[in-house]
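With chain A's structure known, arrange chain B with the ligands on it following the hints.
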Amino acid sequence: MLKTFPKGGIHPTENKITSTVGIKKMTVPKVVYVPISQHIGIPAEIVVNIKDKVEIGQVIAKSGGFVSSNVHAPVAGTVTKLDLIIDTSGYKKQCIIIRTDAKNESNFEDIDYPLKTEITTEPKDILQKINDYGIVGLGGATFPSHVKLSIKEGTNLDHLIINGVECEPYLTADHRLMLEKAKEIIVGIKILMKALHINKSIIGIENNKKDAIEIFKKLTAEEKEIKVAALQVKYPQGGEKQLISALLNREVPKNGLPLDVGVIVHNVGTIFAIYQAIQHNKPLIERVVTVTGKKLENPSNYWVKIGTPIKDLVDEVGGLPEGTRKIVNGGPMMGKAIKNLDVPVTKGTSGILVIAEDEASRGEPKNCIRCGECVYVCPMGLEPHLLMNLSEKGMYEKASQEDIMTCIECGSCSYVCPSHRPLLDYIRFGKSIVKKLNTAKN
Amino acid sequence: MSAQPIIVSASPHVHSDRTSKKLMYDVVIALIPAFLVSIYVFGFNALIVTAIAVSSCILFEYLIQKFLLKTEVTITDGSALLTGILLAFNLPSSLPIWMIIVGSLVAIGVAKLSFGGLGFNIFNPALVGRVFLLVSFPVQMTMWPTAIENNTTLIDAVTGATPLGVIKEGLQFGETMTEISTKIPSTINMLFGFTGGSLGEMSALALLIGGLYLIIRKVISWHIPITLLVTTAVFTGVFWLIDPEHYANPIIHLLSGGIILGAFFMATDLVTSPMTKKGMIVFALGIGIITVLIRLFGAYPEGISFAILIMNAFVPLINKYFKPRRFGTKIKSKIV
Ligand code: SF4
Ligand code: SF4
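Same order as they appear, the protein sequences are chains A and B. Note that the working numbering numbers the first sequence so that position 59 is 59, with each residue one more than the last. Note that the working numbering numbers the second sequence so that position 47 is 47, with each residue one more than the last.
None of these hints come from the bench; they were simulated from the model. Please note that the accuracy of each hint is not assured.
[Unchecked claim] Only pairs whose alpha carbons sit at most 20 Å apart, straight line, appear in this in silico PhoX-like list of lysine-lysine:
1) K393/A to K278/B
2) K398/A to K218/B
3) K7/A to K21/B
4) K21/B to K3/A
5) K254/A to K183/B
6) K398/A to K435/A
7) K70/B to K366/A
8) K7/A to K278/B
9) K30/A to K53/A
10) K24/A to K7/A
11) K278/B to K218/B
12) K218/B to K7/A
13) K183/A to K152/A
14) K393/A to K92/A
15) K366/A to K21/B
[What the hints assert, rightly or not] So, partial list: chain A residues that the calculated Cβ filter (under 8 Å) puts toward chain B:
16) F66
17) N199
18) V328
19) K336
20) N340
21) G372
22) G411
23) S414
24) H420
Beta carbons: idealized from backbone N, C-alpha and C, even for Gly.
Excised from the complex, chain A in its bound form (with noise of 0.2 Å):
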């Protein structure tokens, strides 16, 4: 039997469509729209000016406190404008616009540096070029990575979890990564457990992808610090919590964080990414994005620089198809709806979905019928239907003491519902208020 998270879940199809293509290098947009808050935190400060000449790579804004991080140039180019420019969370953000310079060449072009494995950055100096080369968890939840590496005297940890479960259908970025960047990605964990003075590893993997695996298996096969594990395919097998308790069968407390029970979790983008800013100087301007939809002429993964338009990312793969309703920001679980596609990729970009009018619009919802489905797929152990209900009441005491709070907003009580309740949204409401009444009471 193949480990996983003991409650709950569920196995929306997977429409991996794009599994098998490799990653291409999207060309170089015109203009790029850089957002000066990509991270979780306080929005970076701007340190150019308009019609400052920038170099790929170079500092446009500085972290503005601890949980931040510094943004770079994604191309050589000049600063035309800084604008209010609405993101993918659908607000607006103060963003570095770039025109690119016509012969864009810079030494952090090529993403195929040759492979270096000896490590020879000191842990403290890790951390700090982490900081510096603003590296942020790229899974989706864009945490200032050397936020979460910093860690007290004294604490006790004892793994390194790489999250390479991918669990959100339609998206393949980290699965191609895995593919094509595997040997990098070992370094990157090397470094990682150096930095953090810890001898335990495992990699987990959804066993949908048997190919990543077996090519993982095979490199640690010397290593007896790595370990490779594969993992029953269950959504959202992806979130921290879950992935820790498939792993290690430790439960992260409730209010608590992976620390707690020893553990510290990164994305296997983020991986390659700490690979890249240790080992090459690279800061982090460029990821890769999955571009997919079934409509598509040419659903493919990118390199894409931080700060392309979606449109161009849309353009690249043949244009909107008719019929076309909905624009996604990530996987069709979790990620955001877009208006239009005048939004730019960030760092927390996974992948662009495209869907069609039979899958866009949603059912209309009818009474609940008190089947219980909520409560069983829900990983967190909460009563979903209830807390839609109180938020929808307006109890929202009440729906804190359900504990509406430690909801990861996987969105699986909604994709069960039969009678097409709104349960997240509803949620997602209530929650915000709570957390505005809880910062209120301190």
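Only chain B with the ligands this time, still in chain A's reference frame:
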């Protein structure tokens, strides 16, 4: 780009293909084998009773929603159809038509719509209909046309008691089980459905096939039916072991009366059963115990309907005390 606007709604952007309507129709499909057996056993009457119950349930739902409550009419969601079939399955095939109509009115009007419609009702509507009729018209509700005897001849006009009725009566007159057993159908006949009783209780086998279908289709989980059957078997088994001359054996208890219909189709009603598996086990345990108590010591030979309704009332309480365990509340989490 398409002429139609881009939709911006929150995640998730995909949905499983299950709908509540499909669930209802799956239950209807699962009832087909038992329905066919009832037609074979009771002939045209079975058809009439079912048709009357179904059409009056749907019609009452339509009329009440349209003219009395002035709300959206939901007769296409399959739930009124299902209530109609289940009600019919709980009636004797000889019940006067007007009584069936009254039962349907109680089921839909009182048990379902007065609580707010599908999902808001606490009690299983079909059972409320049945129990109402049983209490109001005890004579008609316990006149059972005898089923095919010797598997060949249908003696339609004669009325007799159900196996459970025979046992109850026999025991009251001081007969022993050995004597009584000559008067009730053989185990094999009970399994295939040639006993006496209400429309849908006939064939344990047909009901089991339907129940299995529901479990395979994941419309219901095994927790309620299995717990209920095991509880009944164990509980009646204990009495039988103590005094086999005064208590029927567990097999007779399982195969006669409404236990199997109740276990797979009535107690598992999504709306009126608990939400968690733990809760379901407690719920079914309660039904099993109450059913046996009524059968062995109560005034009625059969007790499953009452038992389910009684436990229906406890479902909100069960849901409150048998919650899923919240993730992150496990005490031990070893760090090596
Ligand atoms: S309540 Fe939250 S954690 Fe539970 S299934 Fe719904 S979205 Fe996921
Ligand atoms: S899945 Fe939907 S219908 Fe079923 S209990 Fe939850 S909210 Fe109600």
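Here is how each hint holds up against the structure:
1. Using a Cα cut-off of 20 Å, the hinted pair K393/A and K278/B is violated, with the two alpha carbons roughly 27 Å apart.
2. Using a Cα cut-off of 20 Å, the hinted pair K398/A and K218/B is violated, with the two alpha carbons roughly 32 Å apart.
3. Distance check on the hinted pair: K7/A and K21/B sit about 27 Å apart at the alpha-carbon level, beyond 20 Å; violated.
4. With a C-alpha separation of about 35 Å, the suggested pair K21/B and K3/A falls outside the 20 Å cut-off, and the hint is violated.
5. Only pairs whose Cα atoms come within 20 Å are accepted, and K254/A paired with K183/B is rejected, the gap being roughly 62 Å.
6. For the proposed pair K398/A and K435/A, the alpha carbon gap of about 13 Å is at most 20 Å, so the pair holds.
7. With a C-alpha separation of about 17 Å, the suggested pair K70/B and K366/A falls inside the 20 Å cut-off, and the hint holds.
8. Restraint check for K7/A and K278/B: the C-alpha separation of about 13 Å stays at or below 20 Å, so the hint holds.
9. A hinted pair counts as satisfied when its Cα atoms are at most 20 Å apart, and K30/A with K53/A qualifies at roughly 15 Å.
10. Among the hinted pairs, K24/A with K7/A is inconsistent with the structure: their alpha-carbon atoms are about 38 Å apart, more than 20 Å.
11. Of the supplied pair hints, the one linking K278/B and K218/B holds, its CA atoms being roughly 17 Å apart against a limit of 20 Å.
12. At most 20 Å may separate the alpha-carbon atoms for a hinted pair to count; K218/B and K7/A meet this at roughly 17 Å.
13. Taking the CA atoms of K183/A and K152/A, the gap is about 30 Å. The hint is violated against a cut of 20 Å.
14. Straight-line distance between C-alpha atoms of K393/A and K92/A comes to about 31 Å, which puts the hinted pair past the 20 Å bound.
15. Simply put, K366/A and K21/B have alpha-carbon atoms about 10 Å apart, close enough for the 20 Å limit, and the pair holds.
16. Hint on F66/A is violated. Least Cβ distance to chain B is approximately 26 Å, over the 8 Å limit.
17. For N199/A, the suggested interface contact is broken, since its CB lies about 11 Å from the closest CB of chain B, more than 8 Å.
18. Given the 8 Å rule on beta carbons, the hint for V328/A holds: about 5 Å separates it from the nearest Cβ of chain B.
19. Restraint check, K336/A versus chain B: the minimum CB separation of about 7 Å is within 8 Å; hint holds.
20. The interface hint given for N340/A holds, since its Cβ lies 7 Å from the closest Cβ of chain B, which is under the 8 Å cut-off.
21. Below 8 Å, beta-carbon pairs count as interface contacts, and G372/A has one with chain B at about 4 Å; its hint therefore holds.
22. Given the 8 Å rule on beta carbons, the hint for G411/A holds: about 4 Å separates it from the nearest Cβ of chain B.
23. Annotation: interface hint on S414/A holds; nearest CB of chain B at approximately 5 Å, less than 8 Å.
24. A hinted interface residue such as H420/A counts as satisfied when its beta carbon comes closer than 8 Å to some beta carbon of chain B; here the least separation is about 7 Å, so the hint holds.
Of the numbered hints listed earlier, those contradicted by the structure are 1, 2, 3, 4, 5, 10, 13, 14, 16, 17.
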